[in-house]
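K.L.:
Single-letter residue listing:
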Amino acid sequence: MVKELLLPLGLILISLISIAQTTDSVFRLPVFEVIESPLQKNLPLSRINASQIELIPINDLGEILRRESNVSGIRKGGYAIDPIVRGYRYSQINVFLDDGIHIEGGCPNRMDPVMSHVEPELIQQIEIVKGPYLLRYGPSPSASIRIKTRPGEKAFKKGFGVKSITGYDANRNGIKQHLSISQSNERSFIRVSGGIKNYGNYTDGKEREWKSSYQKKDISADIGFKAGKSALTGFSYKGSFGRDVLFPALPMDEIEDNTHIFSGYYDYSNPKKPDQILSLSAYHTRVFHLMDNSFRPQYNQIVPPNTGLMQAVASVNTSTSGGRIAFTHACDKFKYSHGADYRITKKDGTRNMLMIMEMDGQLYTSGKAFNLWKESVINNSGVFSGVEWGHKQFEVSSVLRLDLNQASSNDTLLILRNENTWFESKPVDQFLISVAVNSSYKLSEKTTISIGIARGQRSGDMQERYIKFLATGYDRYDYLGNPDLKPETNFQTDLMLTSNPGRLNFSVNLFRSQISNYITGTLVPPAVARPVSQGAPGVKQFNNIDKAVLMGFEASADFTLSTQSGLSFSAGYTYAYFPEIERITFENNQISGTEMIKNDPIPEIPAFEAMLSLSHQFVRLKIKPVLSLRAVADQNHVSLAAYEESTPAYLISDFFVTYTPIKQISIAAGANNIFNNAYYDHLNRRVLGSTEKLYEPGRTLFINLKIEF
Amino acid sequence: MKQQINIALLKRIVFFVLAVFMSGLTSCTEKKPAETTNKLKIKFNHRVDNNSLIFNQMIYTNAAGNNYEVTEVMYFISDLKLHHSDGRTIQPAQWNDIHYIDTNIPTTFDWIVGNDIPTGLYDSLTFTFGFTQARNQSFMFVNPPEVNMAWPEVLGGGFHYLMLNGWWKDLQEVRRPFNFHLGIGQIYANNSGQVSDITGFIHNNFTVRPSGERFSIEENKDNLINLIMHIESWFETPVIYDHNTFGGAIMQKQEAMHIAALNGRDAFSIE
Chain G
67 MVKELLLPLG LILISLISIA QTTDSVFRLP VFEVIESPLQ KNLPLSRINA SQIELIPIND
127 LGEILRRESN VSGIRKGGYA IDPIVRGYRY SQINVFLDDG IHIEGGCPNR MDPVMSHVEP
187 ELIQQIEIVK GPYLLRYGPS PSASIRIKTR PGEKAFKKGF GVKSITGYDA NRNGIKQHLS
247 ISQSNERSFI RVSGGIKNYG NYTDGKEREW KSSYQKKDIS ADIGFKAGKS ALTGFSYKGS
307 FGRDVLFPAL PMDEIEDNTH IFSGYYDYSN PKKPDQILSL SAYHTRVFHL MDNSFRPQYN
367 QIVPPNTGLM QAVASVNTST SGGRIAFTHA CDKFKYSHGA DYRITKKDGT RNMLMIMEMD
427 GQLYTSGKAF NLWKESVINN SGVFSGVEWG HKQFEVSSVL RLDLNQASSN DTLLILRNEN
487 TWFESKPVDQ FLISVAVNSS YKLSEKTTIS IGIARGQRSG DMQERYIKFL ATGYDRYDYL
547 GNPDLKPETN FQTDLMLTSN PGRLNFSVNL FRSQISNYIT GTLVPPAVAR PVSQGAPGVK
607 QFNNIDKAVL MGFEASADFT LSTQSGLSFS AGYTYAYFPE IERITFENNQ ISGTEMIKND
667 PIPEIPAFEA MLSLSHQFVR LKIKPVLSLR AVADQNHVSL AAYEESTPAY LISDFFVTYT
727 PIKQISIAAG ANNIFNNAYY DHLNRRVLGS TEKLYEPGRT LFINLKIEF
Chain W
1301 MKQQINIALL KRIVFFVLAV FMSGLTSCTE KKPAETTNKL KIKFNHRVDN NSLIFNQMIY
1361 TNAAGNNYEV TEVMYFISDL KLHHSDGRTI QPAQWNDIHY IDTNIPTTFD WIVGNDIPTG
1421 LYDSLTFTFG FTQARNQSFM FVNPPEVNMA WPEVLGGGFH YLMLNGWWKD LQEVRRPFNF
1481 HLGIGQIYAN NSGQVSDITG FIHNNFTVRP SGERFSIEEN KDNLINLIMH IESWFETPVI
1541 YDHNTFGGAI MQKQEAMHIA ALNGRDAFSI E
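First to last, the sequence lines map onto chains G and W. Per this note's numbering, the very first residue in the first sequence carries number 67; after that it's consecutive. Per this note's numbering, the very first residue in the second sequence carries number 1301; after that it's consecutive.
These are computed hints drawn from the structure, not numbers from a lab. Just so we're clear, the structure is a prediction, and the values are computed from it rather than from any experiment. Accuracy of the hints is not assured; some may be wrong.
Quick look at which bits of chain G chain W covers, simulated, 3 or more residues with Cβ under 8 Å [unchecked claim]:
#: 1; segment: 331-343
#: 2; segment: 370-382
#: 3; segment: 597-610
#: 4; segment: 688-699
Quick reminder that beta carbons are idealized off the backbone N, C-alpha and C, glycines included.
Using the sequences and the hints, build the whole thing.
P.N.:
If you want it as structure tokens, here you go:
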């Protein structure tokens, strides 16, 4: 009963505070920062700095992103949460490192979304752009997440340095240790780092244990050289290695994942004209991903209603290579930016299945190998050009991006049925046009109104074009790629109001997005294709849906109570629907027909959520307690066409204290989910073989230690 | 003055934008009613001597004189065709052309064959018992219950066409189990019956034209056909099958499966 009251009370409290803040008209906002880069001004942008994540108990970058307003994530296990930004997902979000380093994950079930290949301890900063506005680092159809790992200017000024981060998570009985050693002078630096993580299963608020353990190791090295004061050259290697990462919501677990990221860059700025900057970069990334069901009962014992054993193993190799050149310069009141980039992505993988049966007293083993991808290749060549202009209170920036996307695969699979071709791999070239215009007008010294209008376009990704019969979505269906997919096009508008009239910063962002040729799965008749994955009720093929609409808002406020105290609030909501979509109807577990549904919600859209955080710095004691509340409303706006189920609301409270006895040492200790609530998020996947959702961890006591000198 | 104008302008902009956004939020889901169709549903029945099959009771005697009982029946049918009186052949199961029937799972007794069947009088229907060679692919089904019908790869692969399981009393009146299973048969060198001696495979699927009256499909109606499997027919006409001759397990006995394939052709009727 107390728990049931906490949520509405929390929501009311948060709402009242936000109203009070609005009426006080004293705002300061950390969520939407205006950044300095000319072409990125006035974007709907969130930033997360390294200092925000070093001392909190997080397992991967996806967990960090879920703390941002209107950013959520799909949980399938104890690791690798797949981010959802404003309801955009997967390849609708351009996730990249630094100056456009892209990684193609290996797992068709998205066990290893891009962000899971980079350890949080290597992060300098994360930028989230909620819209198709960041066009200088590849096609950005609906959102961008830029993970900055490159050491900054201060890497050249430290001499010998050591940074150690140690953490213990009592819920998972997990320990992590990351160590970084660096040596630098004014002209060069070298940094070598590595870490280990060994986490067990977590328990939820009902004290149930979920098979979610994982082990990770990473190693990295960075070197940089300065030639004079105007040129910088750097090289970097990052290796990430996962073992026995369990995913109770997926049909298999990650047995081995090896990621290698090689990159180099060269930046030059004209000493006489600092506005002239040339940037060159290149990279190569490789991922090997191996998964199987050896941790599942059906691997070595008969699980009714099965009468035999089913063993499955899949291995995938991917690689991505690319390069980028960019040049910025200024002329009078105009600032220009031009550039080009290229990316080639390759993917190849197979799945082997074994069925072991006892019949008439004899043991029989049957096996079959399937291609998941067969030497699939996507080339993307892009050019971009941008200009910014400002006059008095008015500023405008625009970027145009053109891409040539070329895809091919050596698939021999051909699916023909009644003179219809369902799958045939032929080379496809697509020309993409993306454009973004952002403008702002200063209503007063402290208040700015901005508007962004953009068209972002993307081609189908490796999965959407070429995957063959794997359950990659939330609905358990096996998915079949579609080489003939049309590009998906997002038309988006953002209206932003920011103000900082004193001790309170606030920002409100309204957005509306209309996506044409939205790429999603549609059911394939069993007569055409039957599922290959255990538990899949049928096969869906990626297809273009005529139209999808997403709209909503983010609001944020940060109130400085005193020089030592701060209160921050944020909230976000997305309302998304298909104006028209086909729904399959069932009778006796058989398909009995179809019907058209209008205004049906898009599945897997996060519920309305609000966050409140209160902190106070006790200067003399050198401690800083932080209390945060996260209230998430129930999600009843669910897809009828996808037979999606609604999700109840929840309220979570976290508390931790940081203690900094000396400048070089910081200790953080506290508890997440203090009241040990049993809850799950709307985006959490269902546990395999049941209709139950995967629950979030219960109370998590933790202690983290950071030493840096 | 300038600040007042700005605030007024701001209010108008915010109001306008909110109005546009909120108008979208008020939209609600609508369903367009499903179109009326000429639906065909097949209902499966299982009988012995034209009476409903009673499971797990040793009350039946086949033509060879074996007393027997049935514990379960599982089978596949595919490639259903309707033969219209005007000469057309209709393949109605465009969505799902393979159906699995399992006497342990009553929901499998109903097969919604199609929703848009041409109306009129039909002379007959035909189907493949099991699968044709091209259709019978290993790992075609990976989920229960169908996956449990898998036929070992080494014995030809694919899936069982039929599992008819039960008990019979042998010549010594000992109650023994029989697994009357039909699938891909094997040819053994020297009739050894050893897996290592397999030299070829025989696909035992066959086409069934059930006996019965002509039937009609009417417009905007749920049309129903009862398809009856006569269990006793598997053991007689044209060949009398004796459990004492072939024993309980016949997966590796092509001669027995061949008899089953011959007898199964007239094991169905429609009502």
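K.L.:
Hint by hint, say whether it matches the structure.
P.N.:
Against the structure, the hints:
Requiring three or more residues with a Cβ within less than 8 Å of a Cβ of chain W, the coverage given for the segment 331-343 of chain G is violated, as only 0 such residues are present. Counting residues of the segment 370-382 of chain G whose C-beta lies closer than 8 Å to any C-beta of chain W gives 5; at least three are required, and the coverage claim holds. For a cut-off of 8 Å, the count of residues in the segment 597-610 of chain G with a CB near a CB of chain W stands at 7, and the three-residue condition holds. Residue count for the segment 688-699 of chain G with a Cβ under 8 Å from a Cβ of chain W: 0. That is fewer than the three needed, and the coverage hint is violated.
Checked against the numbered hints above, the structure violates hints 1 and 4; every other hint is satisfied.
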